[in-house]
Structures are given as structure tokens and as C-alpha cells.
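Asker: Given the sequences, and given the hints that come with them, work out the whole structure.
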Amino acid sequence: MTMPSTAIIGAAETDELGTLPDRSELQLHAEAARNTLEDAKLAPADIDGIACAGQSPIAVAHYLGIEPAWIDGTGVGGASFMFHVRHAAGAIAAGLCSTVLITHGQSGRSRLGPAGGGRGRDSLPGQFETPHGIVGPPTLFPMGVLRYMKETGTTHEQLASVAVAQRRWAARNPRAKYRDEITVDDVFASPMIAYPMHKLECCLVTDGGGALILTSSDRAEEMDLPHPPVHLLGAGEAMETPMVSQMEDVTSSKAFRRSSAAAFAQAGITPDDVDHLMIYDAFAHLPIYGLEDLGFVGRGEAGAFIEEGHTSPGGRLPLNTNGGGLSYTHTGMYGMFALQESVRQLRGTAPAQVDGVEISVAQGVGGMFMSGGTVVLGRERR
Amino acid sequence: MATPTKPSPKATPETQPFWDATARGELHLQRCRPCDAHYFPPRPFCPTCHSQDVAWEPVSGRGRLHTYVINHRPAPGFEEEAPYPIALVELEEGPRLMANIVEAPAEPDALVLDMPLEVTFEDQGGMQVPKFRPAEPQEGAR
Ligand SMILES: [Zn+2]
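Here the protein sequences come in this chain order: X and H.
Residue numbering for the first sequence follows my numbering, beginning at 44 and increasing consecutively.
Residue numbering for the second sequence follows my numbering, beginning at -18 and increasing consecutively.
Note that these hints are calculated values from the structure, not bench results.
Fair warning: there could be bad hints in the mix.
To be verified - Quick list of simulated restraints, FRET-style, between CB atoms:
| hint | chain 1 | residue 1 | chain 2 | residue 2 | range |
| --- | --- | --- | --- | --- | --- |
| 1 | X | G163 | H | A85 | 24 to 34 Å |
| 2 | H | V93 | X | E351 | 27 to 37 Å |
| 3 | X | E291 | H | V93 | 17 to 27 Å |
Said to hold, decoys possible - Here are some, though not all, of the chain X residues that point toward chain H, as calculated from beta-carbon distances under 10 Å:
| hint | residue |
| --- | --- |
| 4 | G163 |
| 5 | G176 |
| 6 | I177 |
| 7 | Y238 |
Stated by the list, open to error - Here are the simulated DMTMM-like pairs of lysine to aspartate or glutamate, each with C-alpha atoms no more than 20 Å apart in a straight line:
| hint | chain 1 | residue 1 | chain 2 | residue 2 |
| --- | --- | --- | --- | --- |
| 8 | H | K(-9) | H | E7 |
| 9 | X | K193 | H | E88 |
| 10 | X | K193 | H | D90 |
| 11 | H | K(-9) | H | E103 |
| 12 | H | K(-9) | X | D165 |
| 13 | X | K242 | X | D223 |
| 14 | X | K193 | H | D95 |
| 15 | H | K(-9) | H | D1 |
| 16 | X | K297 | X | E194 |
| 17 | X | K193 | X | E344 |
| 18 | X | K242 | H | E88 |
| 19 | X | K84 | X | E265 |
| 20 | X | K242 | X | D229 |
| 21 | X | K220 | X | E59 |
| 22 | X | K84 | X | E264 |
| 23 | X | K193 | X | D292 |
| 24 | X | K193 | H | E71 |
| 25 | X | K220 | X | D58 |
As the structure is a prediction and not an experimental result, all values here were calculated from the model.
Glycine residues also receive a C-beta, built at the ideal position from the N, C-alpha and C atoms.
Answerer: And the structure:
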């Protein structure tokens, strides 16, 4: 499939990230939206498409005084924003709208006016997962890790090295929540949350938000913009199962494999062409799965690849350069922050800027490997 | 303050036969006749071929430890047994179920992947929830 190139012309996060007891979730959406409009020097009236997850896009648009002609409430977990980017590109290409605002706001820590979730007693997860004493993602997301380790020979040290590598990036990012470099022994010394995952192998829980504005690349090049546009080269979306217990293979994400294959095909790239990579890291095993499922390394090679420093500052594949969900921030649906960092790296404005980033990939995940969204961004349009 | 109780599942029409069976101390799954394959979770058609020629049948209750976590931050009702294993059990018939491993220490050395397991049941809010415990290897088992 080919479609006209689309560009991100606005991108900004909420004023603050962390613990924000004075803002509702809806307000975090609005703050991110307003900052993003300011970033692009656009007015609410310039926006004719809106997308968000968690909160209703209708509630967000009404709150902002926007009357959109195109609305996308795709809510497939933390990867929703990757889906929104792809849907917006299609909508713009199809002439459904010209300028789409995608917002994220989540009171993941303070829980102020959060949108509801669905794992009731009579849902399938409520019947076949919840009764076994699960406590949120830490008990579900890492379910396949021991199997993966047995099948590939990956070690606990290699798993811990994911957190170590990302902290090296966070140490270079003043906005990161945790900035002190750590060792594998520090990871092992942190409290056990759900074996084999220690606390430092689990993401943060924070408040915050971010937003993006997209328009066509043709229009972006005609506009007098404060930042160079970042062009969408390809995107893909895929799903597997809402129940981690029913994954086809608990040692690999089918959603990652399929969304990335679609995105890379549309962009006409291979992993060798990627200069910068973001892989949604709710837990330390996600970058390991992602490196393999996206085709950057072979089966069972990701742990050693990270341990050897190839994804760390100075390495050949800079990964999760904001510090990731493990060290930067994680509101609950982190995908927006992966996209923000890809845009910053392509603009050349990242706190831990990598030299010569021409192509960046952001891989999102929703639920516990429920969904995957991949976005390929570049400095040059296709 | 009342003592927290473990979460209790609530059946739907599609899953009622599963819970009716556990109430009798039996594990039943659906099998697609055209595919000659069991599947899970319950639904009134085969997820592979969409045939509605499916039947509820008792299964062996035997399986192997496919993977697990040991949860150190207990859910309500699980306080006294923390840390406790939450596992995926691969049944002899093929499907995988999530379940706690009981009657074994909640330690990695005692929970070896692919070890044989057998089903048992525990009352949670009036529903009999499947659990698995270590079993002797079966004759001819893989
Ligand atoms: Zn069938």
C-alpha cells in the first residue's frame, strides 16, 4: 500500500510529568493539546481531526472547543497512539480531514478521573486470569519470560542489563525521573515484584501527557513552521489476544512481528536502515522481545546484544534514548512518549541527542502483548 | 474490617459448562470434532475452523509447567500465601490455562519448567477454581 506522505508538525508533552495531584486526566489531555498547538503555532480552529485513547475523543474535543470532522477513539492500550498516527495518515490522505490532533493524558499515578477499564468478573480475563491472584501488569506481562529464558539461554543478568542500559540514557536526560546510573547488582538488589522481575525491571508509574499534530507533507513544506517537519514513512498495526495466557507463543509477540513487518514494508526499509529505535518498555523483557520480533537481531540474541552495550550511548543501535518507561516516565499508556522521543531525535532536539538520525522507529505495545503499533519516521519524505 | 476474599469468577452462558464441571471436581474442555482438537477459553464455535460441531468433554487434568511468575505483592485474599506462583499450564490435550501451583514451595528451584502437574480445585467465593500441583511422571509421557 502507498499513500501520500504525512508529517508531524506539532509535538509536545504536558508542562510537568511525575505526580500531578491537581490535574484530572481530561486536563492532562487538554494541557498536552494546548502545548502542542503552541508548538506548531496553530489555533484550535485549525484542527479538524482528533484522536485519543482512554478518555472519549468527543469529551476531549468538546473540552477544547474543537469541532472535528474526523474522530478516532481507537483504544487498544498503550500502543493506541501508533494506531492513531496510522489512522490519521489514512484519513488525511483520503481527504477526511486536513489536520489531526492526537492527545494523551493519563493520571496513572494520582488516579484523578481516570477512564474505566474492563476486566469484570464475567469477562474472560475475569474468569480465567484474575482468580489466580494477578495484580496488574507485573503479574501478567512477564508471564513468558522464564519460558523465553529457558528456550534461548538468556540470563537474569542479561534481563537486568536492559534496565542498566536505559538508565545510561536517562542519566543524560534532565526530564527523566531516575537519573543515577545503576549496575546489574543494583537491579538484583531491588525488591522482587514478580519473579523473575525485580522492581528496577518494571516501569515507573507517573502522571503526564503528550500530543502530536499531523498534516500532509506537501502542506507542511508550504507552511512557515518553527520546526522541520518529521515525515511518516510507514506504519503498521496488529493485535494478538487480550489474555496473555492465550498467546500463541509466550516467548514472542505476534503483534510486534506483524505491525513492524507492515510498517517496514510501507516505508521500504529494513532494520539496517534504522538509526534510532524506541521499543515500549513496560518491563525489561519488552526491548528483548522487540529487538527480535522487529528483526534487529536473531532469535535469542537480544539479551547479549543489550548486555554488550550496542543499545547504550555510543552503541550502534540507540534504543529508548529518553530512558524509557523504566527510567524516564510511564503514565500507563507510554506509547506517546516513545513517539515524542522519535520526533525529538529527528528534529535534533533530544536531551541525549544521537548524531545523524535520519530514520527512527517507534514500537508500541498495548495490554499484555494485546496489540502492537509500529511507526517509522524520517527527516526526508518518501 | 472484613477479611479480603480471593476474586471469584462469574460464569457466562458460554462458560457455564466449564464451571459446572469444576463444581463436580472435574475439568472439562471443548473439542472441535472436525479438527479433533481441544480449545480454550470456551466459546460456542471452534476458533480455528469456526465449526459449531463442538462438544464439552472431560479432560485428563494432567499437564506441564509451561511458564510462571512468583508474585510477591499479593492480590486481595492471597495475603497469607504470598509469594505465590501464577503459572501457565500446558494441558496434555493442548490448551494452556492460567492457574496457581499449589502443594509446592514458591521457589524457582522447586518449580522447574515442563515438570508434570495435575489439577485440583479450590473454593473461591462458591466457585471451584482449578489449581495445579506436582504430579508423578506418567507412563509414556513425553
Ligand atoms: Zn475446528
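Asker: Given X/I177 as an interface hint, is its Cβ closer than 10 Å to any Cβ of chain H?
Answerer: Constraint on X/I177 satisfied, holds at 6 Å.
Asker: So does H/V93 sit 27 to 37 Å from X/E351, Cβ to Cβ?
Answerer: 29 Å, holds
Asker: What's the verdict on H/K(-9) and H/E7, does the C-alpha distance respect the 20 Å limit or exceed it?
Answerer: 18 Å, holds
Asker: Hinted pair, alpha-carbon criterion (20 Å max): H/K(-9), H/E103. Please report holds or violated.
Answerer: Answer holds: H/K(-9) to H/E103 is near 15 Å, not above 20 Å.
Asker: Verify the CB-CB distance for X/G163 and H/A85 against the hinted window 24 to 34 Å.
Answerer: 31 Å, holds
Asker: Any CB of chain H closer than 10 Å to the CB of X/G176?
Answerer: 4 Å, holds
Asker: Quick one, are X/K193 and X/E344 close enough, alpha carbons at most 20 Å?
Answerer: Judged against 20 Å, a Cα distance of about 13 Å means the pair holds.
Asker: Should the interface hint for X/Y238 be scored as holding, given a Cβ-Cβ cut-off of 10 Å against chain H?
Answerer: Holds - the Cβ of X/Y238 comes within 10 Å of chain H, reaching about 4 Å at its closest.
Asker: Need the status of pair X/K242, X/D229: alpha-carbon distance at most 20 Å?
Answerer: Roughly 10 Å between the alpha carbons, so the hint for X/K242 and X/D229 holds.
Asker: With a cut-off of 20 Å on the C-alpha distance, tell me whether X/K193 and X/D292 pass.
Answerer: 13 Å, holds
Asker: For X/K242 and H/E88, compute the direct alpha-carbon distance and say whether it is at most 20 Å.
Answerer: Within the cut-off at roughly 18 Å; holds.
Asker: Does X/G163 pass the interface hint, meaning its C-beta sits closer than 10 Å to a C-beta of chain H?
Answerer: Status holds, d = 8 Å.
Figure legend: structure checked against the earlier numbered hints; every hint is met.
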